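Participant: Protein chains in written order, with our numbering: chain B, 1 to 343; chain H, 1 to 343; chain P, 1 to 343; chain F, 1 to 343.
In case anyone wonders, no lab produced these hints; they're calculated from the structure. It cannot be assumed that every hint is accurate.
Identical chains share a label here; the pair holds if one copy fits it or two copies do between them.
[What the hints assert, rightly or not] With a cut-off of at most 25 Å between alpha-carbon atoms, the simulated SDA-like pairs for lysine to any residue come out as follows: (1) 180 to 128; (2) 118 to 308; (3) 27 to 331; (4) 150 to 5; (5) 343 to 158; (6) 118 to 316.
On a predicted model such as this, the values are computed, not experimentally measured, just so you know.
4 protein chains.
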Amino acid sequence: MHSFTNDYNETAHPQLLEALLNIAKQKNGGYGLDSYCELAASHIKTLIQSPQSHVHFLPGGTITNLTFIAHVLRPHQAVIAAESGHVAVHETGAIEATGHKVITARCQAGKLSPEVIKPILDEHCDEHMVQPKLVYISNTTELGTIYSHKELRALHQFCQAHQLYLYVDGARLAMALSAKDNDVTFADLAKYTDAFYIGGTKVGAFAGEALVINNPQLNHDFRFTIKQKGGLMAKGWILGVQFLTLLQNNLYLELGAHSNNMAGQLAELFQQCGFSFSHQPQTNQIFVNIPDHLVKAITDHYDVYAFGKPDDVHTCLRFCASWSTTQDDIEKFKCFFNNLQQK
Amino acid sequence: MHSFTNDYNETAHPQLLEALLNIAKQKNGGYGLDSYCELAASHIKTLIQSPQSHVHFLPGGTITNLTFIAHVLRPHQAVIAAESGHVAVHETGAIEATGHKVITARCQAGKLSPEVIKPILDEHCDEHMVQPKLVYISNTTELGTIYSHKELRALHQFCQAHQLYLYVDGARLAMALSAKDNDVTFADLAKYTDAFYIGGTKVGAFAGEALVINNPQLNHDFRFTIKQKGGLMAKGWILGVQFLTLLQNNLYLELGAHSNNMAGQLAELFQQCGFSFSHQPQTNQIFVNIPDHLVKAITDHYDVYAFGKPDDVHTCLRFCASWSTTQDDIEKFKCFFNNLQQK
Amino acid sequence: MHSFTNDYNETAHPQLLEALLNIAKQKNGGYGLDSYCELAASHIKTLIQSPQSHVHFLPGGTITNLTFIAHVLRPHQAVIAAESGHVAVHETGAIEATGHKVITARCQAGKLSPEVIKPILDEHCDEHMVQPKLVYISNTTELGTIYSHKELRALHQFCQAHQLYLYVDGARLAMALSAKDNDVTFADLAKYTDAFYIGGTKVGAFAGEALVINNPQLNHDFRFTIKQKGGLMAKGWILGVQFLTLLQNNLYLELGAHSNNMAGQLAELFQQCGFSFSHQPQTNQIFVNIPDHLVKAITDHYDVYAFGKPDDVHTCLRFCASWSTTQDDIEKFKCFFNNLQQK
Amino acid sequence: MHSFTNDYNETAHPQLLEALLNIAKQKNGGYGLDSYCELAASHIKTLIQSPQSHVHFLPGGTITNLTFIAHVLRPHQAVIAAESGHVAVHETGAIEATGHKVITARCQAGKLSPEVIKPILDEHCDEHMVQPKLVYISNTTELGTIYSHKELRALHQFCQAHQLYLYVDGARLAMALSAKDNDVTFADLAKYTDAFYIGGTKVGAFAGEALVINNPQLNHDFRFTIKQKGGLMAKGWILGVQFLTLLQNNLYLELGAHSNNMAGQLAELFQQCGFSFSHQPQTNQIFVNIPDHLVKAITDHYDVYAFGKPDDVHTCLRFCASWSTTQDDIEKFKCFFNNLQQK
């Protein structure tokens with residue numbers, strides 16, 4: 001069965017595999033204290049124009065989120081996230097398991113803004129309630145949408161004014177920064193956030209996320225917490241060398257752009273057929289509302305996630321393209337879909 | 001200033017003070033292993049017609065909730081509560097601090113029902129999300145409303161069918177069980193819940209809540225968790241003797257009925273003036289919508305909590321009566337209020 | 001049966017009961033924000049000559065320890081305690097339950113010193129190990145011994161030099177500060193520690209400990225953590241008024257001195273009989289090594305704790321005197337014991 | 001510089017790299033629900049002769065330990081470990097961070113036995129202390145020693161008799177099971193333990209440990225906790241395919257035997273020179289006591305860890321061999337060392 005399930009269903013991009021093979025015979029220092037991690041960190045700091053930032057490599061998104069959040073919050077402090085936020089929904093209570101509430105905000109397009117955060121601050125007015133302290137957003141969001149430069153800066157200014165940390169989950173940062181509508185740069189992320197991570201797992205890496213801590217106070221003793229939570233990889237260089245490869249020659253953003261391009265063709269196809277979308281298609285995830293009579297035929301041939309029913313006669317299906325999706329995959333789907341429509 | 005702020009602003013009911021004085025010269029065993037706690041527990045088990053239940057005395061509501069919930073949930077399991085639930089809002093993330101998410105449900109009159117819980121179960125379908133396991137309700141609710149026998153039984157049956165624990169926060173259980181509209185008995189609570197607590201602090205005790213665990217499996221090793229969380233009082237008999245006094249001769253429900261009666265007179269007064277209520281007045285908390293031009297005059301003379309604005313020209317004020325509110329307090333308010341109205 | 005079990009087996013000292021009765025008809029603000037807590041705090045700050053300190057009243061020793069420690073440590077930081085320390089042994093893992101390791105040191109007389117702490121710091125040298133951050137001592141210790149001024153100052157200087165917090169569990173501070181050998185003052189505690197608590201439960205209070213935070217940074221947002229852990233008493237004034245009474249007219253230290261005096265007479269008696277002690281008798285707990293053939297006769301008539309066997313023919317029994325032990329109790333024991341010896 | 005630092009300083013064994021390359025073009029299901037994980041699990045269950053066991057693949061030792069322990073213990077329960085145990089010393093309080101105390105036992109050769117555990121159980125007698133529930137051992141131990149069949153069975157029987165779980169950290173299980181003195185089999189581990197893990201990181205894998213849960217009750221909902229703690233790898237098959245490769249054709253034990261063999265030659269060399277050992281050399285870690293005047297010369301040329309000083313004139317150095325250590329490496333060291341001796 002063909003798959004548009006997700007963007008992490010192939011082992012790794014060939015260049016990353018090659019990079020690993022190239023160093024297979026070398027001995028390296030353990031726990032991320034090796035020259036590849038150092039080089040990759042240095043490369044990232046140049047890329048984001050933020051020499052004072054600190055970079056840590058962790059093996060996955062959930063452990064990156066929980067480690068950073070557990071490290072920076074005091075016991076009574078809480079996270080603010082969109083109702084659709086990954087930490088709020090899809091990490092099995094990982095943040096709560098470290099002791100912190102995730103306050104969720106109802107919002108549009110999966111995006112937080114000062115307007116939706118302000119009432120939460122107002123409500124949390126004394127010691128009988130948790131103290132909101134960290135604003136968690138993801139870019140791209142869980143719904144495939146992206147933050148504009150203006151939106152990100154507004155959040156930054158609001159967080160500064162209210163002594164909140166701003167943290168960006170960048171599991172799909174490559175797709176966000178390479179989206180057609182995007183006007184956010186790596187340097188903006190360094191400038192506007194206390195920390196963000198550059199996601200590898202969904203952009204061609206075996207595993208691995210590069211956490212960038214821009215607020216130096218939050219970096220203090222951070223390696224202790226990485227170790228405590230189980231994210232300090234003995235063979236850290238395996239993460240370092242992958243990021244080095246991804247970030248050289250712009251491969252990272254190219255893979256993001258490719259993912260978006262493949263998905264964009266699907267979105268265009270659906271739009272031409274007059275289908276609507278549950279969320280505006282901006283990156284590599286397309287949430288399209290499919291008439292119910294077509295759903296089975298599609299899911300019989302293609303692996304996709306169903307995301308509820310927007311109305312009585314449609315089902316929202318998520319088509320997710322990746323760095324490994326080929327133009328041929330898209331053409332085949334178009335063929336399949338046109339046949340289906342004509343039946 | 002006169003006070004309708006809350007139901008815990010006086011030290012203790014005279015009969016409880018007297019009971020404590022009576023035993024002042026005795027030596028007792030520590031940590032709740034004394035004859036008064038034993039007698040009080042025995043009395044409770046008779047009252048609720050549940051000899052196999054277990055009773056523990058703890059010093060406050062938050063520590064009772066967090067200790068019980070931490071004890072019975074496994075790491076990946078979560079609480080379901082109303083959006084207005086005390087554990088969800090007003091315990092500074094106490095439940096999350098023990099590692100568990102509190103999933104909140106939007107609901108009417110502050111009450112959960114199978115209808116609002118079912119979609120939450122449906123959404124939490126795999127290991128990427130927490131596993132809902134304990135349904136937390138309070139009776140009275142935070143909004144002063146009460147559960148009917150039918151509603152409680154429906155929750156019980158639903159929880160049984162879905163392997164959920166049902167837990168009742170009874171901080172104001174006296175007010176609930178003595179409300180005019182009530183048809184729930186102590187025995188129903190034993191029959192329909194896995195655990196509930198009989199609140200003392202808001203019903204004339206210095207401090208103290210009697211936690212009743214009806215599901216014997218959940219009681220196993222419970223004293224370890226009480227100690228660990230800091231709720232095992234060295235002089236436990238002080239809690240025991242208060243509950244013994246409260247539950248003899250029906251004092252507990254009488255204090256609840258008195259609180260409701262005092263508040264009910266206020267509700268009647270407001271109703272006669274044509275004021276509306278944010279929540280149906282059923283017990284000792286009255287959430288009345290006061291025209292804005294009267295608010296200052298009232299709050300200048302009476303200590304009450306403001307609970308937001310139902311519309312542009314009204315403010316919701318909470319009037320809370322207690323066991324120590326007197327008929328004279330009510331008459332004085334009526335006087336004050338009638339004068340105010342006539343101005 | 002007569003009891004030398006512990007120092008918390010009677011409800012409360014008569015002056016404290018009276019103080020509570022005197023305010024029984026008053027209405028007070030909730031959660032420790034009342035005039036009695038304010039007055040008691042002010043009184044304490046005068047007593048310890050530290051106007052910039054902050055005082056909080058909590059209902060018991062375990063919850064005071066766990067709340068303070070959870071509040072001030074970051075996730076990777078640990079407590080250092082004596083192997084006999086209360087937090088290490090007798091709080092059911094309360095500190096670990098908030099996420100922090102308790103590193104234990106083997107030491108003499110239950111007392112920590114720079115000499116036993118230094119090697120622990122040396123061993124904990126990188127991020128693969130927890131970071132020792134808070135030195136927990138109790139005065140009196142669990143073994144009834146006390147810290148001298150010189151010992152306390154040495155710990156203070158060592159902690160300052162190594163960026164460690166120094167915290168004193170003062171469950172029996174009254175006994176320590178009123179011991180015959182004592183040369184530590186309340187002001188020393190304020191000067192030399194980051195925080196300490198003045199224990200009430202074992203010195204005549206219903207319940208209650210007064211936590212004094214001398215390091216202002218550690219006080220920030222502390223009430224949030226009190227509430228979260230379940231220690232914020234709705235009727236906080238009940239704790240406040242007790243401490244106000246205890247600390248006026250020197251009652252607190254008098255009760256400590258009385259407890260020590262009563263126990264001291266027992267120690268003298270045992271010494272005259274040629275018995276040895278497992279720990280030097282300095283305060284109100286006497287750990288005496290009783291020949292095995294006398295143990296049953298004693299424990300048949302007196303409630304005391306057994307603390308293991310120092311050798312094959314002796315058992316260590318703890319005799320604990322309290323504010324409520326009378327000279328008559330002592331005389332009766334002397335009589336009983338002399339009879340026993342003569343058999 | 002030559003390295004005998006550790007056994008995880010090269011990327012991966014060539015066969016594992018090859019296996020990964022072979023599947024590079026395939027699409028796989030996420031989160032360990034793929035055919036390679038299924039096959040590897042099935043292979044392991046055959047190998048250990050325990051079809052009812054459950055196998056989970058996690059990315060590292062610390063996260064495996066903390067996830068399993070957090071999953072199976074109730075809040076008041078504790079781990080018993082040797083004072084040198086990895087969870088006790090070198091995981092930055094990972095277990096405590098999930099809420100559980102690690103009780104340490106002083107013991108010989110880094111090994112627990114019923115004799116050292118029994119007094120711990122005796123001391124932990126009531127709810128004022130944690131409840132010991134899980135016995136953690138590692139095989140090989142942190143000191144390079146191994147458990148005999150008789151020792152393991154004795155622990156099993158003791159744990160069964162006292163309702164304790166027995167858990168084996170198998171970071172270096174390959175070295176233990178392939179040691180010259182070993183008489184323990186994979187099947188013994190399945191039979192005698194509630195759970196154990198087969199370590200991959202130190203035996204040629206990129207990363208990865210295979211946790212085997214033999215007690216079916218402990219497996220219930222385990223994937224929830226893996227996800228919550230951050231150990232559920234999106235591309236789980238990368239772990240699965242490595243274990244499939246390691247366990248086919250006995251590669252796993254061969255790599256263990258090779259590591260032991262290389263280290264054994266070093267031990268022999270040291271013994272011939274009359275050097276003593278801090279711990280009996282049984283596997284791939286050699287703790288040899290080197291005369292102080294030779295230490296610098298060695299550490300100038302070889303990367304090794306220093307482990308304290310057994311006496312005033314010796315330093316204990318750890319020489320650790322691995323799957324990637326070659327006979328040539330050993331010969332060179334012999335040469336170097338003989339030269340050194342002759343100087």
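Participant: Indicate, hint by hint, whether the structure satisfies it.
Facilitator: Hints versus structure:
no.	hint	verdict
1	180 to 128	neither (45 Å within a copy, 31 Å between copies)
2	118 to 308	between (30 Å within a copy, 15 Å between copies)
3	27 to 331	between (45 Å within a copy, 19 Å between copies)
4	150 to 5	neither (32 Å within a copy, 45 Å between copies)
5	343 to 158	neither (53 Å within a copy, 45 Å between copies)
6	118 to 316	between (31 Å within a copy, 21 Å between copies)
This entry does not satisfy hints 1, 4, 5, going by the numbered hints stated previously.
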